[in-house]
Amino acid sequence: MPALTCFHCGEPVPGDPALFARVGALDHPVCCIGCRAAAEWIASLGLQDYYRLRDALPPRASAIGDYSAWDRAQLQRMYVHQRGDGDAEVCFLLEGLRCSACSWLIERAMSAMPGVRETGVSVPGKRVRIVWQPQRVSLSALLVAIAQLGYVPHPLDRQSLSDVIEHEQRAALKRLVVAGLGMMQAMMFAIVLYAGALEGIETSTRDFFRWIGLLVTIPVVFYSARPFFAGAWRELRGRRPGMDTPVAFAVALVFVASIVETLRGGAQVYFDSASMFVFLLLGGRYLEMRARHRATDVVDALARLQPAVAQRLGANGALESVGVHELQIGDCVVIGDGATVPADGELTSAQCRVDESLLSGESKALVRQRGEQLIAGSIVVDGPAQMRVMRVGADTTLSAIVRLVGRAQQQRPRWTRHGERAAAWFVSALLLATAATAGTWLVIDPSRAFAASLAVLVIACPCAFALAVPAALARSLTVLAQRGVLGLTPNAIEGLVRANYFVFDKTGTLSERSLELAATQPLAQTPAEVCLQIAISLEAGNTHPIANALRAAAEHSGTAPAQNVRSVDGGGIEGEIDGERYRLGRPAFALGFDAADSDSIVLANRGGALARFELRETLREDAATTIDELRDAGAGIEILSGDSPARVAAVAVRLGIERFEARVRPERKLARLAELRAGGATVAVIGDGVNDAPALAGADLAVAVGGGAELAKSSADIVLAGDRLGALLEARRVAVATVRIMRQNLVWSVVYNASSVPLAALGWIPPWLAVIGMSLSSLAVIVNSLRIRAVAAPRAAAQAPAAASKLAAVPA
Amino acid sequence: MNIIFVLIPLSLVLVALAVWAFFWSVNHSQFDDLDTPALMPLSDETSSGPADADSKSP
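Chains as they are written, first to last, in the numbering used here: chain A, 20 to 831; chain B, 476 to 533.
You can take every hint at face value.
Chain B is faced by these chain A residues, among others (derived, beta-carbon under 10 Å): (1) Lys193; (2) Phe208; (3) Phe227.
Hints were generated in silico from the structure; no laboratory data involved. Glycine included, every Cβ here is placed at the ideal spot set by N, Cα and C.
Given these sequences and hints, build the entire structure.
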């Protein structure tokens, strides 16, 4: 059924579209007031092209919050950087920033604001940096403008302004280009010298070209190669020679030797070799760095979870917005409808319902009575609630979870350490071989000692060896990113191949956060379809999961909304249709007495129950096929969820999963993972909640499904950004291909080194040939790595085109 | 052959200029986002809103 979708956010429009946004002289249906406001505001700025240019849908526009607290000087001190020229600078993390069109929209909208001087949007970093004149426009006005577009701005503290990653990336790019240009120049002049050596050349001309070669190599050695020297110095001081040591040695040796040769008019200079060497190594490192920077950091996630502003009840009974860091133990705060709890505390108002799903995985909102604990980071569903602050800052439960993540991350076995140990061994052997060559030749024929030992050092340089893994990794990360899978750590690929036990979280991973109607059971004479219509009428205008599930199940909608509708906290809804009173909700509420507690709701009138609606969680579209394929591959599958046993069991049965555990706390999850790993399994954890974060960090492979809490992503090895569980299978196939290619690369580089080093030691390979050999071997590694590409599974081949066309359809 | 003593230093000056220009553009965020600017020309042919004029001024 081609349901109407919202013009702004693309979500289905419930029932008959009652709301329209006027954009470009046409009325477009929208799903809610927030989306209408967003669409019309975008249009009023003349930016309706956004709807044509975007290739990912924005989040549903939510009600615009109160940002006035951001004008407080105390808060601004932490977040705003005052520039010397009177302008102020701030950096936001934007929730909902997805594609380039978003960044275009924000830049345009911001530059339409008076007093905004500069806007810089970084889509990969999900950040926007704004420079504005504080006397012309307030920070809260900027925040409101961004919120009106449908994004949720989270100001980041001042340190994030001096963006380390950006700096690192720029510096690396500059070094790479300088090395590249230097290499081209040095080679050009080297060709003259080689030709001269064959055809004859005047000594003065030869020396001129040598000096020019020296001149163009100086920036390469002293600027581009500086990281190698710094790294070698660090490695030597720590007595752990790594990759940087031989590189620095080779570069320094070649460069110094060439200067000596130039000064004394010797036989050969190697400026071209030196700069080519530096360029090729920097190229490999640049690719590797780009892949590494895709990772998001924990700071971002915390900014999102912990609200920066709280509503404090002053001594005189008035509300004031204050920064969370200003809160003291014993303060009274008011938490509005749908707001996040700013600190741990005790409920002082009568009753409220809180959503702790981010912290515990429990998908049902929990009822809290006066005097019970509220946890920072959870969301009050039916506010406002009043709370007395008990713990702030680092003492909160949320901070404890974050610390748990940190500890678990340290426990993770580090692949890198193995790599470093191998490299150290390799490098030590290489330096020994060079010394042995030099020593031997000094005894036999001192004039050839230098050329031979230089050739050994260059040809055996673990260049191909060093590139073998990163080149394949960088390529596979690119391929995966195109398929909506972000690999965040070097462990990702290795883990995908080795994982043989998959532990899934339930809510948000296997199931979506919405419900569907499983069955309608009429309890009286009224037919099921009529009961459903009555229920929909009662729920008209509501957008909570139950109402959505009922609407989605109806074949046609359009009944008039009920009159005198009254909703009762934690119970249900009551209203009149054609003079008849109906109640819809939990059995206890609808019938006045308690029935078996399940996910069903009951429709009743004065005469008793009319129908029972059985609701169940909507499974992810590809959950069943993914589980089946993993099972076929012989992997173990288990569900560990914080949710109630009944719901976990229901999902497990539907997917045919035999092992599951419900009401699992983070500590228990970690313990269970340790148990599984002790039993010899390589465990992959797939989850999305913050409660999963410790588990994710403690697993061999951590996979986060997109749309989940950012914290989980930051400790994950892999993020399935496309929101498709099936991407996990694709990623697995790419990983298998990657490991195969990586192995080929390693074998090739070892064979190359093993066969060329003896030849070089015997003095049969001149240094220039050594450099070419080294370059070709590196090139072979890179070209081989390019063979990694996405392969469709034999079994999922039928579904893959569908998924691809779905992806392709979005930009249009 | 003497012309080479002029041309080679000249080529080095040009390389130095190229490096300077590249550094300038890197420092001015020209390489930070390579995706968004590709969309800019698509929008200019139709939009004539007031945002246009404003966005060009720094």
